[in-house]
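Asker: The chain contents come next:
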Amino acid sequence: MSILVLAEHDNASLKSATLHAVTAAQKIGGDIHILVAGAGAQAAADAAAKVAGVSKVLLADDAIYGHALAENVAKLIVGLAPNYSHVLSAATVNGKNILPRAAALLDVQQISEISAVESADTFVRPTYAGNALTTVQSSDKIKLITVRATAFDAVAETGGSAAVEKIASAGDAGLSKFLGQEVQKTERPELTSARIVVSGGRGMQSGDNFKMLEEVADKLGAAVGASRAAVDAGFVPNDYQVGQTGKIVAPELYVAVGISGAIQHLAGMKDSKVIVAINKDEDAPIFQVADYGLVADLFTAVPELVKELNK
Amino acid sequence: MKVLVAVKRVIDANVKVRVKADGTGVETQNVKMSMNPFCEIATEEAVRLKEAGKVTEIVAVSLGNAQCAETIRTALAMGADRGIHVQTDVELQPLAVAKLLKAVVDKEQPGLVILGKQAIDDDANQTGQMLSALLGWPQATFASKLVLNDNNTANVTREVDGGLETIEVKTPFVMTTDLRLNEPRYASLPNIMKAKKKPIDALTPEQLGVDPTPRLKTLKVTEPPKRSAGIKVKSVAELVDKLKNEAKVI
Ligand SMILES: Cc1cc2nc3c(=O)[nH]c(=O)nc-3n(C[C@H](O)[C@H](O)[C@H](O)COP(=O)(O)OP(=O)(O)OC[C@H]3O[C@@H](n4cnc5c(N)ncnc54)[C@H](O)[C@@H]3O)c2cc1C
Ligand SMILES: Nc1ncnc2c1ncn2[C@@H]1O[C@H](COP(=O)(O)O)[C@@H](O)[C@H]1O
Chain V
245 MSILVLAEHD
255 NASLKSATLH
265 AVTAAQKIGG
275 DIHILVAGAG
285 AQAAADAAAK
295 VAGVSKVLLA
305 DDAIYGHALA
315 ENVAKLIVGL
325 APNYSHVLSA
335 ATVNGKNILP
345 RAAALLDVQQ
355 ISEISAVESA
365 DTFVRPTYAG
375 NALTTVQSSD
385 KIKLITVRAT
395 AFDAVAETGG
405 SAAVEKIASA
415 GDAGLSKFLG
425 QEVQKTERPE
435 LTSARIVVSG
445 GRGMQSGDNF
455 KMLEEVADKL
465 GAAVGASRAA
475 VDAGFVPNDY
485 QVGQTGKIVA
495 PELYVAVGIS
505 GAIQHLAGMK
515 DSKVIVAINK
525 DEDAPIFQVA
535 DYGLVADLFT
545 AVPELVKELN
555 K
Chain G
23 MKVLVAVKRV
33 IDANVKVRVK
43 ADGTGVETQN
53 VKMSMNPFCE
63 IATEEAVRLK
73 EAGKVTEIVA
83 VSLGNAQCAE
93 TIRTALAMGA
103 DRGIHVQTDV
113 ELQPLAVAKL
123 LKAVVDKEQP
133 GLVILGKQAI
143 DDDANQTGQM
153 LSALLGWPQA
163 TFASKLVLND
173 NNTANVTREV
183 DGGLETIEVK
193 TPFVMTTDLR
203 LNEPRYASLP
213 NIMKAKKKPI
223 DALTPEQLGV
233 DPTPRLKTLK
243 VTEPPKRSAG
253 IKVKSVAELV
263 DKLKNEAKVI
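First to last, the protein sequences are chains V and G. The working numbering numbers the first residue of the first sequence as 245 and each following residue consecutively. The working numbering numbers the first residue of the second sequence as 23 and each following residue consecutively.
Derived by calculation from the structure, the hints in this document are not laboratory data. All values derive from a computational prediction rather than experimental measurement. Don't take each hint at face value.
Quick look at which bits of chain V chain G covers, simulated, 3 or more residues with Cβ under 8 Å [stated by the list, open to error]:
1) 283 to 292
2) 300 to 306
3) 443 to 454
Once the Cα atoms are required to be at most 20 Å apart in a straight line, the calculated DMTMM-like pairs of lysine to aspartate or glutamate come out as [what the hints assert, rightly or not]:
4) G:K256 x V:D351
5) V:K555 x G:E260
6) G:K220 x G:E79
7) G:K167 x G:D144
8) G:K216 x G:E73
9) V:K551 x V:D527
10) G:K239 x V:D351
11) V:K429 x V:D254
12) V:K421 x G:D183
13) G:K256 x V:D525
14) V:K385 x G:E79
Idealized CB from N, CA, C, for every residue including glycine.
Only chain G is shown next, with the shape it has when bound in the complex:
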């Protein structure tokens, strides 16, 4: 079975994001970019399936500007076999990403597509659900465990509001990763070198027949109200007193 993983390039999770003074967006100049952490988990899961002999080929797909190729290289260094870069400078929103990914899936015919549950920049949490809708496939979102069965089904354990739930889905299907699915590996130096030789195909939205024009217009981006630090209390007794008599919350 072939697996497709969608990997997004985002501002690194450890960067303190700053809103631009003109309110058009956030600072991206000289800011460290990385693969979205949930996409690292997606890639890791695909690589483990291949190591377990359940998967024959892993295709890493990223959509966006020229630098997204670096994110694909990271996936290749983790163990993906080849990459597809859908190049565009247009701002991509989840519906457009899902449509573009659908076009790629139609060409590649994978048995499983793995995405992150959420991109930590737009915090949208939509793309996987949208892709599976467009494909007419089952969706297994927020996955913390995946078991591929022999009869073209899979059991997926999902992180839900009350705890965990397990569903059975038919293949092909779309899965989105939650934090507890696995712990992604660091690419080793030899694998980073090897990744440089792995192929990355470039495509455009036009070639895929998709209009990626955004549906949501960003009117402004502002900083949230700042919360200021309060006081330090000296003892537990003082804390309880303040909570009772000053804040009146207990």
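Excised from the complex, chain V in its bound form:
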């Protein structure tokens, strides 16, 4: 068996989500190849070649892969897939965008966001906002799978010495064009790979008040997240959203401030190692999953927390 893992990268570097997908591939077992589709992506391919346990890196370097348009990357995958028993991707926005398109073209029923590998054809995946774990067995010849990164440890970033093989571009599908992006620049770690996450909810009342949480985050080297209510209200950008339909995180420490703990929010953070909740309502459901709960007004508790951390 050979397994192809689609790399999540920004051309210059490999994103850690890929390392978690490689671990899932190792659990399935077989030769592991990484596909880097990008534009000027030699550096990302070189990084992929160093990943432990990877035997080959395929690099498709073409301007048309610069922004990971699904129509083009899926076309590339469809050409490669017949050489593999499994094609995996991390369940990032890119992975979720691209892989189902390739699956349909291959007449394969994709298995989304697996959280465990039972065997080469049987996988566990959370459904109903994580309220049920469903074990499914695939009868498809090739398995296309997205991987929930938080459910698999990252494989070592170094230690491997795979060959990088350049492969031909599959050509432009000519269906869509990248126009532009608004990306948040931040010095903080990425939400999905941060060791500590500090999140705010509707209780924060404004975007300005999130500065308090940023102060806490900076003290702890943490990323800042949010509930859907905080994003919908415009306090913070959309990519801060943690939850069933946002980002899934499982840091060492998750601090929820002014978040009630709706099922959709819990779905994105309840696998965190240690959970702290600060909420003025002692009956807030978030306390049912919190290791340490503090019933307090956040507008007094958070400034105190900053002071305490400065000590």
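For this one, chain V is given, so just place chain G with the ligands on it according to the hints.
Answerer: Below, chain G with the ligands without anything else, positioned relative to chain V:
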């Protein structure tokens, strides 16, 4: 231009879902069902396009058992013009839904198909991408803004991992909705009454020439491990102390 919206009937988002004791699935008896929230957003977007004069007809499609007709009625009450119900009691997985929707699209020839990005029951996040693949159309997933241009293209802003990105797609295309695209309206009573008179066509997978047999066999459904509540701390100082000395995470 005609727009097709795919609306799925799911367990209501506010219901606490319970796994059946025999491990075959989740409890659906006496459980409130609703239109998938992302499909409400899809319907709302179509209705706004029609109100803006950019769209002439909205067709709401739902696939599944007899009760899916109620979900179509909800879309009709929000402003869709007519419905198509693909009736089947077979468990439908995203690839089968995409194939069935493709057959409907081939008949109806819409310029745009809008789906939710994700159904909150299977959490699959696949159907829109699969449908556009089968049609050979562009896909604009996770949309938070749609602008139809005059030259048979559209600009779609997408919610991506780092923030937002805008792409241009050619029509016809498939779009899937994210949460910030719009805020769906509640259907008014007069519109609910009017919806009762709007037509719903029934079709079967056989009539559409599609075999909907599931490819994934569900072996079991279990409850996730429960997390138990910890302790309440009395002060910020105690919290910091616990995090440092007990949990050792800071
Ligand atoms: C289809 C769908 C998908 C969804 N996806 C997501 C998702 O991915 N992520 C997500 O988070 N949600 C999601 N939701 C929304 C979810 O159901 C909740 O509405 C949302 O999580 C609530 O956010 P919140 O806790 O910030 O707000 P609220 O529920 O309003 O809670 C605010 C909390 O702040 C506390 N508070 C207020 N003021 C203070 C103060 N001064 N000091 C201390 N505490 C204070 C209150 O006691 C309360 O508990 C989704 C919903 C749907 C229908
Ligand atoms: N049985 C169905 N009937 C109508 N639409 C569906 C059905 N299943 C999936 N869809 C559409 O596909 C979207 C994504 O579903 P999924 O890929 O299952 O997460 C939904 O929001 C619907 O728009």
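Asker: Taking the hints in turn, state whether each one holds.
Answerer: Consistency of the hints with the structure:
A stretch counts as covered by a chain when three or more of its residues have a beta carbon under 8 Å from one of that chain; for the stretch 283 to 292 of chain V and chain G the count is 0, and the coverage is violated. Coverage of the stretch 300 to 306 of chain V by chain G is violated [criterion: at least 3 residues with CB-CB distance below 8 Å; count 0]. For the stretch 443 to 454 of chain V, the stated coverage by chain G is violated: 0 residues have a C-beta nearer than 8 Å to a C-beta of that chain, whereas at least 3 were required. About 57 Å separates the Cα atoms of G:K256 and V:D351, which puts this hinted pair outside 20 Å; it is violated.
Taking the CA atoms of V:K555 and G:E260, the gap is near 14 Å; set against the 20 Å cutoff, the hint holds. A C-alpha spacing of about 13 Å is found between G:K220 and G:E79, which places the hinted pair at or below 20 Å, so the restraint holds. For the proposed pair G:K167 and G:D144, the alpha carbon gap of about 25 Å is over 20 Å, so the pair is violated. Between G:K216 and G:E73, the direct Cα distance comes to roughly 17 Å. Compliance with the 20 Å bound is thereby established for this hinted pair.
The hinted pair formed by V:K551 and V:D527 fails the criterion: a straight-line CA distance of about 27 Å is larger than 20 Å. At roughly 16 Å between alpha-carbon atoms, G:K239 and V:D351 fall within 20 Å of each other, so this suggested pair holds. For the hint pairing V:K429 with V:D254, the CA-to-CA distance comes to about 14 Å; that is within 20 Å, so the pair holds. Note on V:K421 and G:D183: the hinted pairing holds, with a Cα-Cα distance of about 18 Å set against a maximum of 20 Å.
As the CA atoms of G:K256 and V:D525 are separated by approximately 14 Å, the hinted pair is consistent with the 20 Å bound. Only pairs whose Cα atoms come within 20 Å are accepted, and V:K385 paired with G:E79 is rejected, the gap being roughly 41 Å.
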